[in-house]
Amino acid sequence: MLTINVGVPLAVVVLLRLRRRTEARSRNDEKLTVIIVLALGVVIAPTPVGEGILDFLGQLATGITDSTR
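Each residue of the sequence shown is one higher than the one before, starting from 1 at the first, in my numbering.
Where hints are given, some of them may not hold.
Beta-carbon label-pair distances, calculated as ranges [as the list claims (entries may be wrong)]:
id : residue 1 : residue 2 : range
1  : 66        : 31        : 35 to 43 Å
2  : 69        : 31        : 34 to 42 Å
3  : 26        : 55        : 32 to 40 Å
4  : 32        : 8         : 15 to 23 Å
5  : 6         : 69        : 37 to 45 Å
6  : 41        : 20        : 19 to 27 Å
7  : 69        : 43        : 33 to 41 Å
No lab work stands behind these hints: they were computed from the structure.
Backbone N, C-alpha and C fix where the C-beta goes; we use that ideal spot for every residue, glycine too.
Work out the full structure: start from the sequences and follow the hints.
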């Protein structure tokens, strides 16, 4: 049986929506894009990829705060 990860189509939709010019977007279109991006974040968060991204961002934030001291 073939399974499709929900995150893959959501990521494709986000990439396609973000390629459009900003001037061509309505307020409702921007709200829909935000909702889709949030849904993608919720889908990716509990996966190993999401945890890797979280670890990377945590290390990046730590490095930035340590460099300012």
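*Outcome of range test on Cβ distance (residue 26, residue 55; 32 to 40 Å)*: Cβ of residue 26 to Cβ of residue 55: about 37 Å, so the range 32 to 40 Å holds.
*Do the Cβ positions of residue 6 and residue 69 conform to the proposed distance bound of 37 to 45 Å?*
holds (41 Å)
*Status of the given 15 to 23 Å range, CB of residue 8 versus CB of residue 32*: holds (19 Å)
*Could you say whether the range 19 to 27 Å given as a hint is met by the Cβ separation of residue 41 and residue 20?*
holds (20 Å)
*How does the Cβ-Cβ distance of residue 69 and residue 43 compare with 33 to 41 Å: does it lie in that range?*
Holds - the Cβ-Cβ distance for residue 69 and residue 43, about 36 Å, lies within 33 to 41 Å.
*Starting from the hint 34 to 42 Å, judge whether the C-beta atoms of residue 69 and residue 31 obey it.*
Taking Cβ atoms as reference, residue 69 and residue 31 lie about 39 Å apart, which means the hint holds.
_Beta-carbon spacing of residue 66 to residue 31 - inside the hinted bounds 35 to 43 Å or not_ = holds (37 Å)
Of the hints listed earlier, there is not a single one the structure fails to meet.
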